Structure formats: structure tokens, C-alpha cells
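2 protein chains.
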Amino acid sequence: MNRITNIAIVGLGQVGVYLYNELRLKKKEIEKKTGKKIRVVAISAKNINKKRQFPINKKIFYKNPIKIFSNEKIDILFECVGLSDGISKKIVEIALKKKINVITPNKALIAKHGDSLSKLAEKNKVNLEFEASVAGGIPILRTIKEGLATNKINKVYGILNGTTNYILSEMENSQEPFKKVLTKAQKLGYAEPGNPKLDLNGFDAFAKVRILSALAFNSRISKKKCLMEGIQNIELKDIKIANQLNLRIKLLGISQIIDDKLFETVHPCLVSKNTYIGNVNGVMNAVIIEGKPVGNSVLQGEGAGPGPTSSSLLSDLLSILRGNIKYPFGIAFKNRKSIKPFNNDMYSNSLYIRFEVKDKQGVLSYITNRLSKYKISVKRIIQTPDRKSRSATIVVITHKTTEINVKNCLSIFKKNKNIFKSPTLIRLYN
Amino acid sequence: MNRITNIAIVGLGQVGVYLYNELRLKKKEIEKKTGKKIRVVAISAKNINKKRQFPINKKIFYKNPIKIFSNEKIDILFECVGLSDGISKKIVEIALKKKINVITPNKALIAKHGDSLSKLAEKNKVNLEFEASVAGGIPILRTIKEGLATNKINKVYGILNGTTNYILSEMENSQEPFKKVLTKAQKLGYAEPGNPKLDLNGFDAFAKVRILSALAFNSRISKKKCLMEGIQNIELKDIKIANQLNLRIKLLGISQIIDDKLFETVHPCLVSKNTYIGNVNGVMNAVIIEGKPVGNSVLQGEGAGPGPTSSSLLSDLLSILRGNIKYPFGIAFKNRKSIKPFNNDMYSNSLYIRFEVKDKQGVLSYITNRLSKYKISVKRIIQTPDRKSRSATIVVITHKTTEINVKNCLSIFKKNKNIFKSPTLIRLYN
Chain U
1051 MNRITNIAIV
1061 GLGQVGVYLY
1071 NELRLKKKEI
1081 EKKTGKKIRV
1091 VAISAKNINK
1101 KRQFPINKKI
1111 FYKNPIKIFS
1121 NEKIDILFEC
1131 VGLSDGISKK
1141 IVEIALKKKI
1151 NVITPNKALI
1161 AKHGDSLSKL
1171 AEKNKVNLEF
1181 EASVAGGIPI
1191 LRTIKEGLAT
1201 NKINKVYGIL
1211 NGTTNYILSE
1221 MENSQEPFKK
1231 VLTKAQKLGY
1241 AEPGNPKLDL
1251 NGFDAFAKVR
1261 ILSALAFNSR
1271 ISKKKCLMEG
1281 IQNIELKDIK
1291 IANQLNLRIK
1301 LLGISQIIDD
1311 KLFETVHPCL
1321 VSKNTYIGNV
1331 NGVMNAVIIE
1341 GKPVGNSVLQ
1351 GEGAGPGPTS
1361 SSLLSDLLSI
1371 LRGNIKYPFG
1381 IAFKNRKSIK
1391 PFNNDMYSNS
1401 LYIRFEVKDK
1411 QGVLSYITNR
1421 LSKYKISVKR
1431 IIQTPDRKSR
1441 SATIVVITHK
1451 TTEINVKNCL
1461 SIFKKNKNIF
1471 KSPTLIRLYN
Chain L
1051 MNRITNIAIV
1061 GLGQVGVYLY
1071 NELRLKKKEI
1081 EKKTGKKIRV
1091 VAISAKNINK
1101 KRQFPINKKI
1111 FYKNPIKIFS
1121 NEKIDILFEC
1131 VGLSDGISKK
1141 IVEIALKKKI
1151 NVITPNKALI
1161 AKHGDSLSKL
1171 AEKNKVNLEF
1181 EASVAGGIPI
1191 LRTIKEGLAT
1201 NKINKVYGIL
1211 NGTTNYILSE
1221 MENSQEPFKK
1231 VLTKAQKLGY
1241 AEPGNPKLDL
1251 NGFDAFAKVR
1261 ILSALAFNSR
1271 ISKKKCLMEG
1281 IQNIELKDIK
1291 IANQLNLRIK
1301 LLGISQIIDD
1311 KLFETVHPCL
1321 VSKNTYIGNV
1331 NGVMNAVIIE
1341 GKPVGNSVLQ
1351 GEGAGPGPTS
1361 SSLLSDLLSI
1371 LRGNIKYPFG
1381 IAFKNRKSIK
1391 PFNNDMYSNS
1401 LYIRFEVKDK
1411 QGVLSYITNR
1421 LSKYKISVKR
1431 IIQTPDRKSR
1441 SATIVVITHK
1451 TTEINVKNCL
1461 SIFKKNKNIF
1471 KSPTLIRLYN
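So the protein sequences, as listed, match chains U and L.
Using the numbering used here, you'd call the opening residue of the first sequence number 1051 and step up by one each time.
Using the numbering used here, you'd call the opening residue of the second sequence number 1051 and step up by one each time.
Source of the hints: derived by calculation from the structure; they are not laboratory data.
Source: prediction; values computed, not measured.
Hints may contain errors.
[As the list claims (entries may be wrong)] DSSO-like cross-link-like pairs, simulated, lysine-lysine; straight-line CA separation at most 30 Å: (1) L/K1082 <-> U/K1175; (2) U/K1108 <-> L/K1202; (3) U/K1342 <-> L/K1234; (4) L/K1390 <-> U/K1078; (5) U/K1464 <-> U/K1408; (6) U/K1087 <-> U/K1113; (7) U/K1078 <-> L/K1087; (8) L/K1147 <-> L/K1387; (9) L/K1342 <-> U/K1376; (10) L/K1342 <-> L/K1202; (11) L/K1078 <-> L/K1149; (12) U/K1169 <-> L/K1078; (13) L/K1175 <-> U/K1078; (14) U/K1376 <-> U/K1425; (15) L/K1140 <-> U/K1086; (16) U/K1202 <-> U/K1450; (17) U/K1169 <-> L/K1077; (18) U/K1376 <-> U/K1274; (19) L/K1387 <-> U/K1086; (20) U/K1274 <-> U/K1247; (21) U/K1247 <-> U/K1237; (22) L/K1465 <-> L/K1290; (23) U/K1342 <-> L/K1100; (24) L/K1140 <-> L/K1274; (25) L/K1162 <-> U/K1082; (26) L/K1140 <-> L/K1101; (27) L/K1108 <-> L/K1086; (28) U/K1162 <-> U/K1149; (29) L/K1149 <-> U/K1384; (30) L/K1342 <-> U/K1101; (31) L/K1230 <-> L/K1082; (32) L/K1148 <-> U/K1082; (33) U/K1342 <-> L/K1108; (34) U/K1425 <-> U/K1311; (35) U/K1082 <-> L/K1101; (36) L/K1173 <-> U/K1087; (37) U/K1323 <-> U/K1429.
[What the hints assert, rightly or not] Output of the computed footprint for chain U on chain L, the stretches with three or more beta carbons under 8 Å from beta carbons of chain U: (38) 1187-1199; (39) 1341-1347; (40) 1356-1363.
Ideal placement from N, C-alpha and C gives every residue a C-beta, glycine not left out.
Whole structure, please, built from the sequences with the hints as guidance.
Here you go:
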């Protein structure tokens, strides 16, 4: 690449067009830092005339991205479409086969096809970079791959989804219910207006957990889900009770090696307000890495939005321009091993269980008897009656118990007519 | 470097010998990650027989490090002696001239001679890496140079010295005075047993501020000190009063561009207990970067000790083994500009001023009159009498005022016989 480096951007949504504009603004600076001149020679999207934040050069526009490869000599391709399959996968595969470096913020694609794509990149001796796929502007993947390269990492966890963290924080601040806050988040652009499901149900965070695991443990991307729960069932009531207990609810993604097995999970956690993670609020993301010999490292920053995402995309670009050819996951594909998944039934936590019950004698003792039958030992009980509706809220905080045990125990309550609905379960973070 | 990469370590103190042992343990892993075999062929220290944490191979020991260069073919040299000049500077210069890559955790050396050494490295097309020189195991320099490479950074600040942060935290926890806590810190190995001055007076943190500035603003290393104050004058009394005000005292290092001028400082700050930085306690370090478009990035981790330091030294090693030849400060020496220093007199803050006075009528009004004469407007006054000694403590929290103004104002109080000593001044973090 001694001549000018030719760049193509496929996908001109919020991120793609922001990146396009940044490349224009920072051309000189990039040349100064890398000694390489760059030029965007092709851009592609579905609709040439869509209203965009920044103007585009229509002379280099392609409706069909595949045509770029036959018409232009491309050195680096940015994939900003964002699908886990379809055109995203197709153009990345074509590019890598043609020895074109690929940069993408597409976590769905990497979490699903990262193994085969990294193999393809290694075979063709080009880079596949995806810093922006996890935690937006936080250079977390580079930190694991390079900054902490020789540490033995045992655990990576954190707040990996800004949408859900905003919703949980805002429910606490405004004391408004889930649905109202979700609408607010959509208006502010923090949640997808059409279908926010993939953020809310933990799917988005889980894709990031998978990518983090592969990097932290030098392993293949796992195919199994140990446990994935979102925040759909969190009510304002839970936020309020947590508050009384000096706790806060956070959606945590956790990847960990337990007894040489891989444990990956995303679920809401109750964390103390006095902890670091309990004070990461709003759209912020934060990742904590437990490594030896480095100890605990914490990285926090804005997890979403075109600005932070572009910052990471450009850091990948500079890495490639500097000629830093690397394995996409830090080590060669053949050296990345599969790790057996941990048996989720044995996952053990203190629990917060909220029951909505008929305010009637015997209900509380029914609950405590059942818990005791399953050897779930109670640490604390808070019963709040609602006289008007002759109902009551019972919150039980338990000592540690396993998933399988609590699952068996809770299934019984469904059949009891004095218990209005399935109890709400939130795990306490250890 | 297709053959085995030969490594020399000069300096076998705590860090040097830990690194030596890590290189032995992680040889295989490094080969897997980089494709390069390494071998430590020479080590050097003053005393071959000193008691060390890990055994050394005496066959490769040199008393005189200069002799290594004539006896061995070295590819990478670790400088772990730690002087700002003398033998540290000498061997780094010899190595760079002989086209040997250099890795060092030596902040004193880099803060003082980083410009000339980076010029030398660039001329000889080898790397000079110093990730471990700032914030131990936190990959902060790599994050600025690579992860956030194209961001426009306006400010970098944080807790850059673990010793002082431990002392301040421990004074609050134990309610013990400065001297007692310092002795405890020395026993625990958090402070130099002989001469802890360079930690306490802010010198150590200031060296790190200088290195951060040069990287964040693509500038030459500054020679001027805007403002450097340590924690020597902080008393338990200040910690207690801060606590009452829901504040905490932290020694902050700050580097910032104000009106196109460079402002670098280290001084104690009062920060709210509700802020992120107010909750970084113990030996932890934390750095906050304000950049565009990325927003605020936070990195936190263990700032000292051989484990975290080795983690950074090895990340530098892997970067070199991967063939990632880079400018030591991110861009070429010739492109790094000098930035004029900000006029410190114009630095403006709210202030905490503690007076120790004779408990006598008229003293408080004398103080407030003088403050008012200098247009220093008072936000809050707390007067606590001590009946026994017929004295009183008066704490004034002011609105914002400039350094020059407060300096002029406070100088007057020295002459007043009712005011026992120079008032203690702590700036409030904006």
C-alpha cells in the first residue's frame, strides 16, 4: 500500500455516514500519524436520496455493493450494514477473499460468524478488525488483545448495553414505569424506534459477551447460551425496593471460567450502590477485566452512538495503515480451543424473589415452607400490604442457592391461586 | 528478527526480577501470540548476590551493563534501573544508536529526556516503548496512541499516584494522622521506605502528566511547571471537614488545553463523594480522557507494583515482536509542536481555605473583610471553636477566584498575630 489507500464504505446509516464525514475531516491527521494517504473511492447504501446527517458524494455511490469490487481497487472495506447474515456476511467474505482488509462495528456478524471469517482473513493475510462491535468508543478489544496480552484472564464482565442501562437509570431517576421510560429512550435515540427487542431481551449484550470471551480466553466463539435474561420483566416496584435496600438493578454481561468450563451470561443483577458498577449510570458502558498479574482493570465510556463508534472504527483503520497485520482474535485460529460450557443448573447466587399475593393468612408461611423444603435459606423478608386491593408484595432475599434448585422450587408457586403471577427473580451480584 | 529474539534486562529490582520470571513463564504463550521465539541472554544489576524474589541465571549476569552490548547480539533491551539520568539514560542511548528496541517503565527518564530519546529511536527506526511509565497496568498510553488515535483530546486527568491515594484513603478510613499512615504505607510497600518525597510532593505524578500531555496533544514534552503541590500539608482535620461537606480529598494530575495554551498541574482537590473520581480509593489509579467524538473515557486499574508493571512491559514486548514499528509519541518528532504554557495566575477555582486562629472577637470579620477586599466571594463558612486552647478553626469555601488573587490575598494573613499559621488551601474540582 505505498500508493493512496482506497477505502469503501458499505452502509450509510447513522454510523456509516458519520464515519464518511470523519474520514474527510481527518484525512490530514491520519496521514501525519501513519504516513499513508487515504481516499474514499466508493460508498453504498440502499437509497441514494435518503436524508442524511452529512452530504455524500453521489459520484462514488453504488446501489449494489457487490459491484464495487469489479469497478474499484479497494484496500480497506468498512461494513456498516449491521446484519448478522445476508449482505453483511456476503460482502465481508468477498472482500477477505480478494485480500481486502475489513473493518466492522457489526457485533451480530462477528458473534455468529467470527470464527469462519477470522479463518478467511488469516488465510488471505489481511486484517479483520471489529473494535467498535463491543462497548462503542471504549478500546476494550485492543486492550485485551494488546494492552493485557500476556495476562491470564479469568473473568470479564460489565454493562454492555447502553439502552437498558439508560432505561434502568431513568426509571430510578424519574420514578416512571418501564413503558414510559422506553418511549422516552426511543425519542432520544437511545432505543430502536421500531423494534427495541434485541436490546431489551439481552441479545445484543450476549453477542458482545461471546466476542469478549473469545478474546479473553483465546477460545472459539461459543454456540451455547448459559443464561440470557433481559430487563422486560423489571418493574418500577423492583427499582423502588432495590433502592430501599441500597441496591441498584443493572443488566450485566458476564464471561467467566468456572472449573475449566466457560460460563457466559446476561441477566439483571442487584448490585450495591457502593460498588463501582452500581454507579455506572445512563447510556454509559463499563467493562471490568480480572487478570493476572495486572489485577482488576476497569474501562468505562460511551457505549453507543456514531461518535464513539467512529472513534473505534478509525482506531482500527490506523492500525491497518500502520501495517499492523494481526490475527483477528489475537492468536491463530488453529490455536483457539473450544471450551465446554458450564452447567447452568449449578450457577449459584443469592436471590431477590418478589411475590404478588392475596393478603391472607397463611400465604407467607406457605411461601417460606416451600423455600425451606428446597433448602433455600432466607436472609430477609419484606412484606408490604396494599389494603385497597387486599393484596401484598412479599420480597424474599435468599442465601446462595443453585439455578436448578430455585427453578424447581418456583415452578410450584404457579399453581397456587393466592399467588397472582410468576414471581419476579433477580440475582444478587456476588 | 526471524531467528530467536535476544533480550537483555538491565536493573533487577522488584520490577526487573518479576519481569525476568514472567518472561520465563510466558515464553510459549508469547511464541503462540507473535510467532517469535524469545530468549533472555543478559541481565545486569549492581549486586549479583542480593536476595531476590525469584532466582536468576548467574551465567548471564553482567555487573557492568555496557559490556552487554559488546558481548551479545541484543534485539530488545528492558531498562529497569529507574534513574532520570546516569546509567539509565546512557544505556538507552547506546541501545537506540545500535538499533536495539528499548522498553522501559522509567517515567523520570521519559518525562525528562523523552523528546531526544524518541528522536534517536525514530532516526534508527526502532521502537522506544514506555507503557508502564504511566498508571502501571492500565494501558493508557496505548489507548491514547491507538485506541483513541483520531480523537481530538481536550483534557486528560486523574489519580496518577497510588501512594498518595492510599494515604488519603487510609487517613479517612482509620482517622489516623498523616505521619502514622505514611509509616503504615511504607510497611506495606506502598511508599518508599527511605525517601517517599517524590511521591508525596507530586513530582512523580507530574512526570506522568507531562508524558500524558505529549501523547494527548501531539506536543513536545513541556519544561514548565504550571502548578505542583503534594499532600504534605493535608491534615486529618482537613479530611474530617471534607467528609462533613460530602467531599473527599484526592491528589489529581490534570493536563488541559485552555485558550490554546497548555495547562499542566498536580495538586490536591476536593471532589464530591458522588463523583466517579471521588470513589477511586486505595492504591488504585484512574485516568479520564475527554475526547471528541468519543466522549469521556475512563480507565482504572492498579497503578503500581511489579505485577501490573510487568503486564505493561510485556504488552510493549508483544507490540515490538509483532513488528509494529511506531513513533514513540504517536507522530513523528518533527510534527510534534511546542505548546505555550497557560499563565497559572489565571487558573480559577472555588477554594477551601482553613485558618487556625485565636478565638477572639474580630478575627472572623478581619478575615472576611480581607477576602471581600480581594473580591473573593464567600459561599460558606464553618467556625469550630476549641475552648481548651482558646483557638478556633475557620473554614471558608469561596466562589471561583484566580490564583494570583488568592495568593495576594493570603499573603496578608501571615502578618496577623491572631492567625497562627499560613492558611491551608485546597482547590475544589470544578
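Numbers of the earlier hints that this structure fails to satisfy, in rising order: 7, 14, 15, 29, 31, 35
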